[in-house]
Amino acid sequence: MANALPAFGWAARDASGVLSPFNFTRRSKKDDDVTLKILYCGICHTDLHTIKNEWGNAMYPVVPGHEAVGVVTDVGCNVHKFKVGEKVGVGFMVGSCLSCDSCKQDFENYCDKMITTCNGIYHDGLTTYGGFSDILVVNEHFVVRIPENLPLDKAAPLFCAGVTVYSPMKYFGLNEPGKHLGVVGLGGLGHVAVKFGKAFGMKVTVISTSPKKEKEAIEHLGADSFLVSRDPDHIQAARGTMDGIIDTVSAFHPIAPLLSLLKATGKMIMVGAPNKPLELPTSSLIQGGKILAGSCVGGMKDTQEMIEFAAKHGITAEVEVIGMDYVNTAMERLAAGDVKYRFVIDVANTLNSSGGSST
Amino acid sequence: MEQPQIALGLAAMDSSGVLSPFSFPLRAKTEDDITLRILYCGICRTDLSTIKNEWGNATYPVVPGHEIVGIIIEVGCNVQKFKVGEKAGVGYPISACLSCDNCNHDCENYCPKLVPSFNSFHSDGTKTYGGFSNMIIVNEHFAVRIPENLPCNKIAPLMCAGITVYNPMKHHGLNKPGMHLGVVGLGGLGHMAVKFGKAYGMKVTVISTSTSKRKEAIENLGAEAFLLSSNADQMKVAKGTMDGIIDTVSAVHEISPLIALLKTYGKLIMLGAPNKPVELPIFPLMNGGKIVAGSMIGGMKDTQEMIDFAAEHNITAEVEVIGMNDVNVAMERLEKGDVRYRFVIDVAKNIANA
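Listed in order, the protein sequences are those of chains A and B. My numbering puts the first residue of the first sequence at 20, with every later residue one more than the last. My numbering puts the first residue of the second sequence at -9, with every later residue one more than the last.
Careful, some of the hints might be misleading.
Said to hold, decoys possible - Under the rule of at most 30 Å between Cα atoms (straight-line distance), these lysine-lysine pairs were calculated in the DSS-like manner:
no., chain 1, residue 1, chain 2, residue 2
1, B, Lys226, A, Lys295
2, A, Lys189, A, Lys173
3, A, Lys189, B, Lys253
4, A, Lys320, B, Lys253
5, B, Lys266, A, Lys189
6, B, Lys117, B, Lys160
7, A, Lys48, A, Lys198
8, A, Lys189, B, Lys291
9, A, Lys198, B, Lys160
10, A, Lys123, B, Lys103
11, A, Lys198, B, Lys193
12, A, Lys71, A, Lys198
13, B, Lys326, B, Lys266
By construction, these hints were calculated from the structure, which means they are not laboratory data.
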């Protein structure tokens, strides 16, 4: 194809989800585009769902990855926000209409025409390939500057996990000193919610099905308390004590016990995506005037604000850095929840540019 | 010791829910109490569910009724807010702790120690009897003033139906001119939500399972639009157009189609309480940051504010006034939804013969 940049990454070819080397092309930069060399890319559960076609929307070959950080290597002539050499990140989206109500209110994540970084269709009709690759070409609106003091490998997961919890914590006022935040699930999203919660000066309780997560929650992440969600005594003791709960769990789980933990008018925000409907006893909401909301990533303004907040408070993700060769094993371990708390691929040093195939 | 005053009313003696004449003692008066001679009392679905023991919590005999309007005939010596001769209203709450966070934030409705006006117990252990009766004694904190210009028979339903929709419309910001409000169910609560919505300058769409309600929604209540919830085409056209939806339906129903009607960050407020859990798919909530919330009546400050708002905008309920002798028939009709839109008992009528 004319004017296309050669690119190399790892793709899944079918619903086995097995990733292997893949040659493809990126569009040449347009006037508003930023070209970046990817240094690191985090692995999110959504990547796993997508490559295995669990949501029935995979357009193989799929190059996943939407927690990409790197260095700017080229900018289009209309680009004003970035310069060559700057460290930047790209998250879940690379496009939206920029003219609807959602976009105008800085909620590009809720635009009907939002284009995902991977497994999406761009304005030019071509499939989008994600951050498990060497370069990205992205409209500057969807690129975020990374402050100098943030280590890039530990900043990468903030581009999805970070903004996914930061955005609802901000929007729903679960960011005020002294308020009590519950965090359900201690994984990629959950551990960042704990860190943000503590930075906001909140009291944080981690809610988990695994008693063995208590030590790490309290000693390592600084949570103030821990409760086991399947233990009715734990639930009863904490009834009506929480201003808000961030529920990061994507497996099917009962929500009535969690709702009982909320104070009157308290809010529970679902950021995990169970693929079966949950059961909601309406009286759990009516009694106490409680609120249940969903949230999906965050807009670009929130993403930039979140990264700057993280830099100011020294917040990074807890990561296990891996080579690209390890990615299939990492996906298996991720499926088993065996990671503390995010795999991050060292793309620059381990993405081998030989041996790729373009089928 | 002062003899307790005896009131006359109607009580259900068992889960047949049949109401019959019943006399009972009022609780002892304190210096903070007002005594109301009850003029009118609205009939709410909650009364019906309670007398039939649908929620398993009836303590018979039950004198229902919590949409009470009356005239003050006596005030305790500490009473500041009211004078004898004034009209006052009493709703669902007649006591709360007044010291917890909820009470301190004017949300007595969410106080864990809330005592309802009927089917419950006062702090002294005596039973609470509701407004299907000729008199009630209540702490002044739990009464609201009824402005003189409001017709009492049409105001009684505001003491529950009115505040139940007013509260979430206020606290969730569904009260701004130009916003688009959906109202699901056109009954006691629903018709009040339409009236408040129009008074706020909102665009109101009524959503119902019965086409027969279209004419009344638009011509009688002033709604801009009507959606038949079973009509997939109509529902599709309205997708993503509503800032908020007040869902008043207590029968089990699907909420995913309602969530689809919401704009980004739109809010679905559930007021009816189906007796089985609803299925809640999470993706539609996440895909737009949408909100499902519950709400239950309102605090006393909001109740007074709501009554004053109704007076200012000339908002009253649409009622069918009945006598005490007609209450059992009214309950049967209420069960079938055969009322436009609230029965109100003219308590003074027939009470002597009841």
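Each hint tested on the structure:
no., hint, result
1, B:Lys226 to A:Lys295, "holds, 23 Å"
2, A:Lys189 to A:Lys173, "holds, 22 Å"
3, A:Lys189 to B:Lys253, "holds, 19 Å"
4, A:Lys320 to B:Lys253, "holds, 20 Å"
5, B:Lys266 to A:Lys189, "violated, 33 Å"
6, B:Lys117 to B:Lys160, "violated, 33 Å"
7, A:Lys48 to A:Lys198, "violated, 46 Å"
8, A:Lys189 to B:Lys291, "holds, 29 Å"
9, A:Lys198 to B:Lys160, "holds, 23 Å"
10, A:Lys123 to B:Lys103, "violated, 45 Å"
11, A:Lys198 to B:Lys193, "violated, 36 Å"
12, A:Lys71 to A:Lys198, "violated, 39 Å"
13, B:Lys326 to B:Lys266, "holds, 20 Å"
Hints 5, 6, 7, 10, 11, 12 from the list above are not met by this structure, while the remaining hints are.
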